[in-house]
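Asker: Below, each chain spelled out in residue letters.
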Amino acid sequence: MMISPSHAPKAAGPMQARDFDMYSNNGGTTLAVAGSDFCVLGADTRMSDGGYGINTRNYTKLCKLTDKCVLATSGMQADTLALQKNLRSMLQMYEHNNGKPMSTPAIAQWLSNTLYFKRFFPYYTFNVLGGVDDAGVGCCWSYDAVGSHERCKYSSSGTGQQLIQPLLDNQVGHKNQIRAIEVDLTADEAEDLIKDALTSAGERDIYTGDYADIARVDKNGVHLSKFELKFD
Amino acid sequence: MELPNRGGFNFDYSVRNESLSAKTGIALPKAKKTGTTIAGVIFNGGVVLGADTRATEGPIVADKNCEKIHYIAPNIYCCGAGTSADTENTTALISSKLALHRLATGRSSRVVTALTLLKNMLFKYQGHVSAALVLGGVDLNGPQLHTIYPHGSTDQLPYVTMGSGSLAAMAVFEARWREGLTKEEAIELVHDAICSGIFNDLGSGGNVDITVLTQDKVEIKRGYDKPNPRKFRRERPYEFPAGTTPIIAGSEIKSFLEERITITTLKPESMEI
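Sequence lines, in order, name chains G and W. FYI, in our numbering the residues of the first sequence are 31 to 262. FYI, in our numbering the residues of the second sequence are 849 to 1121.
Note that these hints are calculated values from the structure, not bench results. Bear in mind the structure is a predicted one, so any value in this text is a computation, not a measurement. Keep in mind that the hints are not guaranteed to be accurate.
The calculated BS3-like cross-link candidates involving lysine-lysine, where the alpha carbons are at most 27 Å apart (straight line), are [as the list claims (entries may be wrong)]:
(1) G:Lys260 - W:Lys945
(2) G:Lys256 - W:Lys1079
(3) G:Lys260 - W:Lys1031
(4) W:Lys1031 - W:Lys1079
(5) W:Lys1069 - W:Lys945
(6) W:Lys1074 - G:Lys256
(7) G:Lys256 - W:Lys912
(8) W:Lys1074 - W:Lys1031
(9) G:Lys183 - W:Lys1069
For each label pair, taking beta carbons as the anchor points, the in silico distance ranges come out as [to be verified]:
(10) W:Ala1097 - G:Gly251: 32 to 40 Å
(11) G:Ser255 - W:Gln974: 34 to 42 Å
(12) W:Ser944 - G:Asn85: 51 to 59 Å
(13) G:Asp164 - W:Ser867: 27 to 35 Å
(14) G:Asp49 - W:Thr1093: 43 to 51 Å
(15) G:His204 - W:Glu1032: 19 to 27 Å
(16) W:Glu1022 - G:Lys205: 49 to 57 Å
(17) G:Met45 - W:Phe1080: 53 to 61 Å
(18) G:Lys205 - W:Lys1031: 33 to 41 Å
(19) W:Ala870 - G:Asp174: 19 to 27 Å
Calculated from the model, a selection of chain G residues having no Cβ within reach of chain W, i.e. all distances over 12 Å [to be verified]:
(20) Leu111
(21) Leu117
(22) Asp163
(23) Ala175
(24) Glu258
Ideal Cβ positions, reconstructed from N, Cα and C, are used throughout, including at glycine.
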């Protein structure tokens, strides 16, 4: 009879403290679409315990940093809170020292530096920064956990990223279509697309659902709205 | 030389698979699990079985409307949680064995027969067949409800739940079950228990399927409740004009069937003795 690996005798060794996993992923999906004079961000509000349970149905992943900039973060919400605290305090100091709010591109660079600062014990956060720059042009940056960032016209992150990114590539980036009519989206079209994308992600990803926050950023400021996703 | 077929599982590759996945970092393929909330309740004169309809592969929903209540015999049905392939094939195998048994004995099947066949098979596979079942049926001894665990143990109870949503469903049962439920009360209770699993367990979702078994008939209520319709759909459809996808090369394959089929009408003949 073959002995399967799980029944093989374990080697005796020095007594060890039980390992505990410092990170957990609370799940959820975020995305942003930037246009010529706006940026629309969307994020679901479900927070799970990393397994099959729900911690809460109504926890926002969006954080308004200035009137022209919103940060959407998925990943571990404990690290997100710490990161947001860090960012908000830095933004206040900048405004006091420089007499004006920090511009969105400057915040984008600063976020990257903040994340890389903890390169060897990272913030388990997957960020998407969206807003308008000082000229009023829409912009969006996507990040990895340690600060690698890239400015782009659209981006998604989180557990539904792999479901949503190809849709954005096709509908916003006009990819994989020959002779596509390359018209830029209006803010309303971008918002409809984001709602459709989040709804579709909610169908197939168990960690996405409940409610979703939409933030529309333009020269007039940040407008927040909410819509319903499935509860199952 | 052909080795005799010993049956059971062959673990010869398990060490090699583990070391390969460790060396190359490529993950071993995962079996599709059903996540799942399944439940059953006995009432005056019968059994109500209920199940959700979500099948998951890790965190992704593979099937939003799969069937988890399986036919075993005309008077016996079985809900399955665990690995989809295992529940499908186990219930189908025992259903087949019971059909042959009915022909051999000339009698309708008993629930305990299905129970014994299922538990003996699962015990033989030492838990490697990951099937957790809720077996319900009505036979000459009246309505019966059992649970069967992957390792082969069984319980007989008036109300049961299994699957990742079993705690959510059992919470509803423990609050509201009582002896002597009517059929309508039992259906409502099972429906509420499954809904509790659907909404509070991430591994369960979709619709509520109900099956009601009584002495004389079976009512299959597939899609008894659909509490999760899609909430938003963009008005503008996603349209792609012809020519969107570049055609690199093409060839036409003509159907050969039309030339081969000849239609002959046979005269009915009496059977020769």
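Asker: Taking the hints in turn, state whether each one holds.
Answerer: Hint check results:
| no. | hint | verdict |
| --- | --- | --- |
| 1 | G:Lys260 - W:Lys945 | violated, 41 Å |
| 2 | G:Lys256 - W:Lys1079 | holds, 13 Å |
| 3 | G:Lys260 - W:Lys1031 | violated, 30 Å |
| 4 | W:Lys1031 - W:Lys1079 | violated, 32 Å |
| 5 | W:Lys1069 - W:Lys945 | holds, 26 Å |
| 6 | W:Lys1074 - G:Lys256 | holds, 24 Å |
| 7 | G:Lys256 - W:Lys912 | holds, 25 Å |
| 8 | W:Lys1074 - W:Lys1031 | holds, 20 Å |
| 9 | G:Lys183 - W:Lys1069 | violated, 48 Å |
| 10 | W:Ala1097 - G:Gly251: 32 to 40 Å | violated, 54 Å |
| 11 | G:Ser255 - W:Gln974: 34 to 42 Å | violated, 55 Å |
| 12 | W:Ser944 - G:Asn85: 51 to 59 Å | violated, 45 Å |
| 13 | G:Asp164 - W:Ser867: 27 to 35 Å | violated, 57 Å |
| 14 | G:Asp49 - W:Thr1093: 43 to 51 Å | holds, 50 Å |
| 15 | G:His204 - W:Glu1032: 19 to 27 Å | violated, 56 Å |
| 16 | W:Glu1022 - G:Lys205: 49 to 57 Å | holds, 53 Å |
| 17 | G:Met45 - W:Phe1080: 53 to 61 Å | holds, 55 Å |
| 18 | G:Lys205 - W:Lys1031: 33 to 41 Å | violated, 56 Å |
| 19 | W:Ala870 - G:Asp174: 19 to 27 Å | holds, 25 Å |
| 20 | Leu111 | holds, 23 Å |
| 21 | Leu117 | holds, 29 Å |
| 22 | Asp163 | holds, 28 Å |
| 23 | Ala175 | holds, 18 Å |
| 24 | Glu258 | violated, 5 Å |
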